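Whenever a hint applies, use it, and build me the whole structure from the sequences.
Following this note's numbering, the numbering of the sequence shown begins with 1 at its first residue and continues without gaps.
Just so you know, the hints here were simulated from the structure itself, not pulled from any lab data. Errors might be hidden in some of the hints.
Unchecked claim - Dumping the calculated DSS-like pairs for lysine-lysine here, alpha-carbon to alpha-carbon at most 25 Å:
1. Lys118 with Lys53
2. Lys77 with Lys118
3. Lys77 with Lys53
4. Lys187 with Lys253
5. Lys169 with Lys187
As the list claims (entries may be wrong) - Okay, the calculated beta carbon distance ranges per label pair:
6. Glu165 with Asp105: 38 to 46 Å
7. Pro144 with Pro61: 41 to 49 Å
8. Arg168 with Ser95: 46 to 54 Å
9. Glu119 with Ala288: 21 to 29 Å
10. Leu47 with Gly102: 16 to 24 Å
Treat the numbers as computed from the prediction; the structure is a model and nothing was measured. For each residue, glycine too, the CB sits at the ideal point set by N, CA and C.
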Amino acid sequence: DGDLTIHVTPTAERATIHRYESRERILRPIARRALTGDPLTWGGIPLGRYRVKIEAVGRRPIVAPVCIGRCESVLLKWRLRTEEEIGRDFVQIPSGSFVRGGDPDTMKSAPLARPFVKEFAIGRFSITWSEYLEFLNAIHRASPAAAARRVPRVADGGGAFRWIERRRKGYRLLALSDAPRPFVHAKWPVFGVSHRDAMAYARWRSERDGRRYRLPSGDEWEKAARGVDGRLFPWGDEYDASFAKNLGSTPGKARPEPIGAYRADVSPYGVRDMAGGVRDWCRSWYDARQNQRLVRGGAWNQSEVSAHCAYRNGIPPDQVTPFQGFRLVHHFG
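Put into structure tokens, the structure is as follows:
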């Protein structure tokens, strides 16, 4: 058994803890119990994986995993934030250490470690085509040439995708004739963008929203995907192709799908589509000497290997692929 202590600012008005248990390949919260006191405490807590929910009026609830090892005393310091502080499309990731790497069944996993990561917020989803076109059209009004350099493209030095049309006033999406819904791609995660394109979007969005956005670091991305308990996938330790948008998730030819289409592909914090959809650019280097930026996550045309939370790879910052996108993070205070 171990001990759990959580200092919460402002004081929690309600707090509950559930134990995780694997059911139908998904770690699900069961056996709810109240957490009481200030700080919140549970002495003699059985070792295992848990989910905590902390609430207070006027604040978004914290929903976060904790992991208790044998004879371990876990001390956490968390802050309840307002919706405005976090952002409507963002998820709060409280501060604390997490299990990084240590997965022999995926490609280029980092060695097992437990780094501490400060509190941050990460986009619930990767940036969509619709959101990216807002950016293109905003910079097109100031400089059509600058916008043209940021258009998603099929390959390095290649042309734009067939569903993008440039007009005098900017860019628009064309209907897809071979899709069940002609504008389904508006909600696809954007792809065919370079690391520099993603950074340019983050700068533009920062100016628009009055908040500094960045790409996630490798540690931020992995913690947001797997929580603190070392799970292999966002949902648990067992893979199922129907749980995330990967190669083989649906019959027939592989193609992208809208964000949020796979309900099981959700991290213990509530971040979506980190095992499938598109890989995310990170701000960290994978190998600076080889000019390779870190990419994380599964993708619509990739196998199970890339769906592991510990999966890592590196590609040059100017390279584009039809399965490489990005999501944003921001920090508090």
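Hint check:
1. Proposed proximity of Lys118 and Lys53 is supported: the alpha carbons are some 19 Å apart, at most 25 Å.
2. Restraint check for Lys77 and Lys118: satisfied, since their Cα atoms lie roughly 10 Å apart, inside the 25 Å limit.
3. With a C-alpha separation of about 14 Å, the suggested pairing of Lys77 with Lys53 holds against the 25 Å cut-off.
4. Only pairs whose Cα atoms come within 25 Å are accepted, and Lys187 paired with Lys253 is accepted, the gap being roughly 19 Å.
5. Taken as a hint, the Lys169 and Lys187 pair is honoured in the structure, with Cα atoms around 22 Å apart against an allowance of 25 Å.
6. Checked against the hint of 38 to 46 Å, the pair Glu165 and Asp105 passes, with Cβ atoms roughly 43 Å apart.
7. Taking the beta carbon of each, Pro144 and Pro61 are about 45 Å apart, inside 41 to 49 Å as hinted.
8. Distance hint for Arg168 and Ser95: a CB-CB separation of about 49 Å, consistent with the stated range 46 to 54 Å.
9. At roughly 27 Å, the beta-carbon separation of Glu119 and Ala288 lies within the given 21 to 29 Å, and the hint holds.
10. For the pair Leu47 and Gly102, the beta carbons lie near 18 Å from each other, so the given range of 16 to 24 Å is met.
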